[in-house]
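Asks: Read off the chains here:
Protein chains: 2
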Amino acid sequence: MTIHQAAIKISDSEHRARCEHLLRYATGEGHSGVVLFDNYYILYYTGFAFVPTERPMAFVMNSSGERALFVPRLELEHAQAKATIDRVDHYVEYPDNPHPMELLKKQLTSMGITGSIGADEDGYPWILGYRGPRLSELMGTIVANVRASIEDQMAIKSEAELALIRESVKWGHIAHTLLQRYTMVGATETEVSARATNEATRSMLDAIGPIYSPQSPFSEGASAGYRGQIGRNSAIPHSLSANITFQPGDVLVTGAGAPIWGYNSELERTMIMGAANDEQKRLFDHMVGLQNTALEAMRPGVSCSDVNSAVLSYFERNDLMKYWKHHSGHTIGLRYHEGPFLDSGDHTPLQPGMVFTVEPGLYVPGIGGFRHSDTVAVTEDGIEVMTYYPRDLVSLTLPV
Amino acid sequence: MTIHQAAIKISDSEHRARCEHLLRYATGEGHSGVVLFDNYYILYYTGFAFVPTERPMAFVMNSSGERALFVPRLELEHAQAKATIDRVDHYVEYPDNPHPMELLKKQLTSMGITGSIGADEDGYPWILGYRGPRLSELMGTIVANVRASIEDQMAIKSEAELALIRESVKWGHIAHTLLQRYTMVGATETEVSARATNEATRSMLDAIGPIYSPQSPFSEGASAGYRGQIGRNSAIPHSLSANITFQPGDVLVTGAGAPIWGYNSELERTMIMGAANDEQKRLFDHMVGLQNTALEAMRPGVSCSDVNSAVLSYFERNDLMKYWKHHSGHTIGLRYHEGPFLDSGDHTPLQPGMVFTVEPGLYVPGIGGFRHSDTVAVTEDGIEVMTYYPRDLVSLTLPV
Chain Y
0 MTIHQAAIKI SDSEHRARCE HLLRYATGEG HSGVVLFDNY YILYYTGFAF
50 VPTERPMAFV MNSSGERALF VPRLELEHAQ AKATIDRVDH YVEYPDNPHP
100 MELLKKQLTS MGITGSIGAD EDGYPWILGY RGPRLSELMG TIVANVRASI
150 EDQMAIKSEA ELALIRESVK WGHIAHTLLQ RYTMVGATET EVSARATNEA
200 TRSMLDAIGP IYSPQSPFSE GASAGYRGQI GRNSAIPHSL SANITFQPGD
250 VLVTGAGAPI WGYNSELERT MIMGAANDEQ KRLFDHMVGL QNTALEAMRP
300 GVSCSDVNSA VLSYFERNDL MKYWKHHSGH TIGLRYHEGP FLDSGDHTPL
350 QPGMVFTVEP GLYVPGIGGF RHSDTVAVTE DGIEVMTYYP RDLVSLTLPV
Chain C
0 MTIHQAAIKI SDSEHRARCE HLLRYATGEG HSGVVLFDNY YILYYTGFAF
50 VPTERPMAFV MNSSGERALF VPRLELEHAQ AKATIDRVDH YVEYPDNPHP
100 MELLKKQLTS MGITGSIGAD EDGYPWILGY RGPRLSELMG TIVANVRASI
150 EDQMAIKSEA ELALIRESVK WGHIAHTLLQ RYTMVGATET EVSARATNEA
200 TRSMLDAIGP IYSPQSPFSE GASAGYRGQI GRNSAIPHSL SANITFQPGD
250 VLVTGAGAPI WGYNSELERT MIMGAANDEQ KRLFDHMVGL QNTALEAMRP
300 GVSCSDVNSA VLSYFERNDL MKYWKHHSGH TIGLRYHEGP FLDSGDHTPL
350 QPGMVFTVEP GLYVPGIGGF RHSDTVAVTE DGIEVMTYYP RDLVSLTLPV
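Protein chains in written order, with numbering that gives the first Met the number 0: chain Y, 0 to 399; chain C, 0 to 399.
Since the hints were made in silico from the structure, they are not lab data. Hints may contain errors.
Here chain Y is said to cover these stretches of chain C; the calculated rule only asks that three of the stretch's residues, wherever they fall, bring their Cβ under 8 Å from a Cβ of chain Y [said to hold, decoys possible]:
no.	stretch
1	28 to 36
2	94 to 100
3	188 to 200
All C-beta atoms, glycine included, are put in the ideal place defined by N, C-alpha and C.
All chains should be modelled from the sequences, with the hints used to inform the complete structure.
Replies: Rendered as structure tokens:
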């Protein structure tokens with residue numbers, strides 16, 4: 000008898016299969032190996048989550064499929080304990096002497112990676128004070144950009160990934176429920192966001208704490224907030240928080256989610272402080288109409304740009320283009336934004352396993368912003384709307 | 000009579016002076032202009048804080064000193080409302096058709112930037128699904144890396160920057176005070192962190208809410224937590240949170256801070272759950288000895304590597320090298336890590352206005368990690384220890 004332990008994670012075998020997919024691409028291109036510096040790519044292929052700093056780290060794979068991590072001393076045990084890999088090499092510290100990249104060169108050489116290399120960047124990016132050579136200079140070889148292939152691979156989610164995103168939706172939902180409950184005239188954005196975030200995270204941990212790992216460098220639980228999209232400021236779609244006090248008549252745009260083993264979902268709603276006036280109601284209804292138009296256009300084989308065109312037709316038919324500010328959605332996964340995009344310039348066909356946000360918005364100066372965002376998976380024969388928070392005006396009108 | 004309004008921010012005139020400094024460097028190198036894509040650099044030179052996404056943004060300056068932002072439609076009002084700049088150009092959307100970079104090319108050309116360009120990257124980085132051309136390909140010109148000059152400039156903080164970091168210290172202090180108060184046997188990491196973070200943020204907003212802006216894409220208030228550095232896991236210096244339950248005898252390593260108009264401070268403490276045993280006490284005392292050694296070595300003109308050497312001598316004298324994992328500190332400012340570093344490979348002399356974390360650590364398998372981190376400014380004649388949280392074992396022993 001085999002006993003399977005309950006788990007909310009990506010399995011080792013799935014990580015290995017991901018690596019094999021990348022290896023087939025890289026060897027097909029004639030590369031002697033692959034070097035990846037991006038922390039999300041490293042998480043995707045190895046399950047190793049870390050906080051990126053000035054200390055360079057890399058995932059390395061040679062043409063035989065040997066998988067290695069390159070880390071500073073600081074991360075050695077962390078890497079050894081968590082990664083699905085064959086080998087961990089480490090350097091002492093950054094900047095140090097010799098420069099860590101000299102040791103990466105030794106690692107690559109010892110793994111037989113001496114010809115052309117497929118990489119996400121030509122060297123570790125100069126973040127947080129890091130300075131160092133290009134990989135091509137260091138190795139004296141050609142470094143080809145393999146990001147497009149990786150992004151294409153990451154865009155198609157497996158059943159396990161879809162399950163993590165569905166789990167994320169649940170805890171984003173409770174955070175949003177509490178956000179709506181605690182939002183009232185006179186309260187401030189930050190206190191309401193913090194209370195909802197705090198209580199949702201406690202509930203989440205009470206429910207799934209023993210099997211939960213955020214695997215995220217920036218968040219440790221469920222969260223919900225406004226990012227300053229309150230009242231007239233809600234007409235600025237990617238505002239930052241500014242601790243605004245809620246007032247009667249405000250149009251609010253929310254956001255909620257939770258990283259689950261690194262995977263994200265997105266839930267955003269437009270809410271009104273008190274009964275909507277006629278213009279607010281007209282704009283709210285059109286926003287829902289725009290979102291319905293996108294949802295109805297989505298199915299496997301339809302292109303991203305066709306979905307966006309359907310939305311733009313609705314904008315034009317209803318004389319709303321003056322309120323348009325952005326495309327209809329993006330994909331989501333380990334990162335809160337990924338490609339492809341529901342955009343006029345993106346002709347990628349929708350495929351089963353892609354997970355999109357669907358979020359056309361209306362932004363009206365002096366009145367506010369109107370946007371719902373739902374998380375939607377493409378299935379074999381249509382779509383699955385993964386989020387299930389109410390979208391109607393009655394449910395989203397707050398008492399004043 | 001002039002009435003100055005209370006403010007916690009960087010002034011417009013300081014942003015202009017920063018731009019002029021960069022301009023002198025770039026024109027001195029013969030560049031026809033500067034293009035910066037990094038959101039921290041854009042915040043540093045313009046005061047414009049934003050959430051980086053797949054939609055490329057840039058700060059552009061020509062050799063006449065004209066300052067421009069390049070943004071998507073989505074960010075237009077946000078950029079116009081907040082930036083200290085002469086001109087905002089925008090494109091419709093990413094990916095769109097034509098590609099946004101074609102419009103950046105038009106902007107650069109119209110500003111007379113047709114010769115060599117000083118840039119932080121050769122094109123917008125491929126984050127969050129973005130794909131696009133190199134800047135050098137796009138413009139058919141040489142693109143030189145100006146990051147080193149920018150990093151050198153950012154390393155020397157002004158009086159206004161020091162004031163923001165001192166303000167950050169205060170609110171990190173209250174978050175840490177609450178974290179220590181609420182940490183008890185049987186509680187979990189996440190609930191204690193969330194409660195301390197929530198209450199500290201409310202207190203901060205009660206005190207400075209009307210003049211507070213985080214200017215940070217990732218945090219909206221004060222925070223404190225453990226990042227999983229609890230019990231034996233505290234021996235992993237950059238662990239991630241894992242919702243561990245506190246147990247008697249645990250060695251804990253904390254972290255607290257608050258973004259103030261983008262600026263960060265760092266406060267970390269080692270705490271023990273219950274009376275320290277002899278070995279815990281011995282290691283704690285050595286950790287404080289290591290930190291004192293670094294503080295005593297720091298003054299203007301001394302090199303970063305010399306400070307680290309003094310620390311390494313203490314390690315060696317006391318047979319502690321087996322517990323060493325990282326250098327003695329890093330600088331801090333708009334980013335939570337910056338260069339230069341208190342590292343053997345960094346020979347930069349300490350200069351007035353540099354702000355370092357001082358945080359040598361001991362990591363002992365099976366026992367735990369021991370690290371305090373304080374935020375320390377270099378002054379004309381010595382140092383200012385900006386953090387003032389108790390460092391002694393009695394103060395950091397928790398009741399069990």
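Asks: Take the hints in turn and mark each one as holding or not.
Replies: Evaluated hints:
1. Counting residues of the stretch 28 to 36 of chain C whose beta-carbon sits less than 8 Å from any beta-carbon of chain Y gives 0, not enough to reach three: the coverage restraint is violated.
2. Against chain Y, the stretch 94 to 100 of chain C contributes 4 residues with a C-beta closer than 8 Å to a partner C-beta. That satisfies the three-residue criterion, and the hint holds.
3. By the rule of at least three residues with a Cβ nearer than 8 Å to a Cβ of chain Y, the coverage given for the stretch 188 to 200 of chain C holds, with 8 such residues.
In the structure shown, a violation is registered for the earlier hint numbered 1 alone.
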